[in-house]
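Protein chains: 2
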Amino acid sequence: MMPLDLQLSKALAQVENDLDAHVCEVQRFVRQPSVSATGEGIPEMADIVRSKIQSLGADCELVSTGRHPIVYGRLDAGAERTVVFYELYDVQPATESGWVVPPFSGEVVELPDRGRCIVGRGTFNSKGCLAGFLNCLDAIRASGSRPPVNVIFIVEGEEEIGSPSLPGFVRDRREELQKADCVFQPYFGENAAGTTILYLGFKGMVCLELTCTGGEWGGPVTRDIHAMHAAWIANPAWRLVQALATMQSSGDAAETTTVAGLARGVRPPTPEEKMLLDALTTSFDERVILEEQGNARCFKWSELEGVDLLEKYLYEPSLNLNGIAAGYTGAGAVIPREARARLDIRLVPDMEPDEVIESVRSHLKANDYGDIRVDVLQSYPPSQGSVSQGPVDALVRSAKDYAPGPVQVWPRSAGAAPHYVFTRQLGIPLAFGGLGHGGRSHSANEYITVEGLRRHERGIIGFLYALASMSQKE
Amino acid sequence: MMPLDLQLSKALAQVENDLDAHVCEVQRFVRQPSVSATGEGIPEMADIVRSKIQSLGADCELVSTGRHPIVYGRLDAGAERTVVFYELYDVQPATESGWVVPPFSGEVVELPDRGRCIVGRGTFNSKGCLAGFLNCLDAIRASGSRPPVNVIFIVEGEEEIGSPSLPGFVRDRREELQKADCVFQPYFGENAAGTTILYLGFKGMVCLELTCTGGEWGGPVTRDIHAMHAAWIANPAWRLVQALATMQSSGDAAETTTVAGLARGVRPPTPEEKMLLDALTTSFDERVILEEQGNARCFKWSELEGVDLLEKYLYEPSLNLNGIAAGYTGAGAVIPREARARLDIRLVPDMEPDEVIESVRSHLKANDYGDIRVDVLQSYPPSQGSVSQGPVDALVRSAKDYAPGPVQVWPRSAGAAPHYVFTRQLGIPLAFGGLGHGGRSHSANEYITVEGLRRHERGIIGFLYALASMSQKE
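Chains as they are written, first to last, in numbering that gives the first Met the number 0: chain A, 0 to 473; chain B, 0 to 473.
Any given hint could be a false lead.
Intra- or inter-copy, both count: the list cannot distinguish identical chains.
[As the list claims (entries may be wrong)] Calculated cross-link-like contacts (lysine to any residue; reagent style SDA-like; alpha-carbon spacing at most 20 Å):
#1 Lys364 / Ala244
#2 Lys311 / His225
#3 Lys364 / Phe298
#4 Lys311 / Ala365
Hints were generated in silico from the structure; no laboratory data involved.
Build the full structure now, drawing on both the sequences and the hints.
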């Protein structure tokens, strides 16, 4: 067997050589619509992925779920290390206007300030990552090697509709999966300025719907009624507004929750995380993010800036009012029968979803709003990795080795993701992220750059060999 | 000239004789659609009304406004008294489903528990009243008399779109109009239980839209942004909720406004009004109204009952939250850029709309919500009549004389109406109401009963002769 470093350099050379074919492979994946919300093209796409994985010499099957099958495969390379490759083959619908090419054409187009790009629904999220990873295994084979790690493939088709089947699927296969060294989910992690950002964790989420309906306490019981009765009949919209107002501090200050126990478990940065934050001192500039968000404004407390602000952003839970609706804001004068609000709570370690939900329920009861119904729409805990985990360290090191620009390691993302499915259910590390640039997820003209695909694949190969070289089984 | 009491009995006999023709006249009015919101049939209807008034021997013209003409006429009967007859010839659209006959057919149909009814858009609101009054003048002529009072006709075609032209029209003709003894607006005032209710006043209204948008204070500035930013970017929906919560007392208690000065001017019942309320002690039952409102519930303070509750209903201002809307209550996790709420404030005497609006603005400023925009959508003061006004007394007496069932005189209605246009701009009494039963205004199968039309017309004739018999010019 060739030494690993020779295998690595041959595989990298193969990627350079095969780049045009690899672009075609991404296009082939993109040209097959696979819209999980409607089911369009799902069976065909599942089949494409299964065949592709089998063509790499792996066993692969489609596992039925309630809706869309999971492509489940295993490539035994006789290696010491095993990685669980997780990705998705489904995409969001592409009904937005403004596409410069048809959304499922996957054409290569020159985009302003971006150079040559593959444009299409799913290029960035996440068929570029999916095809890119499989391209890498192809390249390793073409360069005469077996992969340096064994691979278990889990490619689901329900990610864009909330991954309802994934937790059960993983739980049912815990015994096998937890023997793996890590889960790997690649990502085009380079921003438009050329900086690659790696996140070691993600927030959790609790999404609640609060419904206040007329009933024993007062108000309309069977239908909206005329506003002329407001002098003597109670209004569920007022009641919901008043209940909500008790849940968050008011005025210009920060939106700090006043729900007792909601923030239970919030922990400050660990020494490692503090070090990672400190390392961002010279490079983190909140103005870049705020500008990307349409010049949005922070709270008035935001005399905080730089890494101090970033720490608040990443380490404090948030209780967002996603929406509220009742009665009419157009014509019509009513006491509405029902008022609804949707709350989106982002959980940081070590908050627990069940405790969060219970704290909201207790808060309402304690404030005499026990009649307001609380429905849980979504709920999962945060996940947090560490560079002390070998595979995470391997990902960070390979990113630094292969990225042409700066690499930032954030202790976590401000976004939420249900990575607990792996980190908590299996108790193994998750290596998330990678090189290359793409963007406009869920929007018109979603894209990855052709150069980004090249970097992305180089980064994956670098990571797989770094993983194989890890000094000992951890 | 015949003595008035002989004229009266001949006119009443003529109504009995001509009832079939009078029903046909209501049908003719209903069969001409006249939808002010769309303009459908408006010129044709204005012409029908003008011709009909001219056929009574009156001068009549169409006065142009911004949208739909006002039919303006004058019937000089050489009488001592003059009444301004106010009605509308426009109707709401009839797009609801569930009509048992086409909405503009005006067919006579047997309705359950109601007997023979004229069914159609505008029968109850208000072509039955309009045609009914003109039928009465027809009957008086046919019975050989001149009307016992002079009549000035003001029939507008914009009532269902908020009467935008009426205040200016009346103001411009103040000199002539204020010489009249009263304004008369007939109404089918008998409820389903056979009780006729007369209201001596109506509440005023201030309708406000509050808009909170991201800006200097914080929040999204150009568009909705992703909920993941809630930990550091402010949310206009939270801010609006918190601002609203400061405007009304919270918890299970009454919705009592906490806006300083909003209720300025509210006065208790006068001795006359107190007497009228007392007279309702044995007959008023709030359960009848609440049942009609789908069994709606009062506030928890409602250990009040009967007339004590009625007094609260009629004499306290209300601050209703007609509606609130922001973000998503379906899918989507956002910090919305904008949140809107619509407030409907019902004014009782002697509240002033401008003071109410100013108190809301001051309240927001004082609570540091000066950035929340307040748009005034509608605004008019309350109006209050008294049985000490001769024409009002004449209406009450004639109702009691001609109603086969009980007559209740409420000091005012809980509803709002811009009667200030007459009572305040002209300073003359308004006689509002009448006999006969109808219902389902703005709903499918709007109707008046045929027997109700008979009673309605008898009541009008009784009122006109009572007015003519008033002892002296007041």
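Do the hints match the structure? See the list:
| no. | hint | verdict |
| --- | --- | --- |
| 1 | Lys364 / Ala244 | both (14 Å within a copy, 18 Å between copies) |
| 2 | Lys311 / His225 | between (46 Å within a copy, 17 Å between copies) |
| 3 | Lys364 / Phe298 | between (30 Å within a copy, 19 Å between copies) |
| 4 | Lys311 / Ala365 | neither (29 Å within a copy, 30 Å between copies) |
Checked against the numbered hints above, the structure breaks only hint 4 and satisfies the rest.
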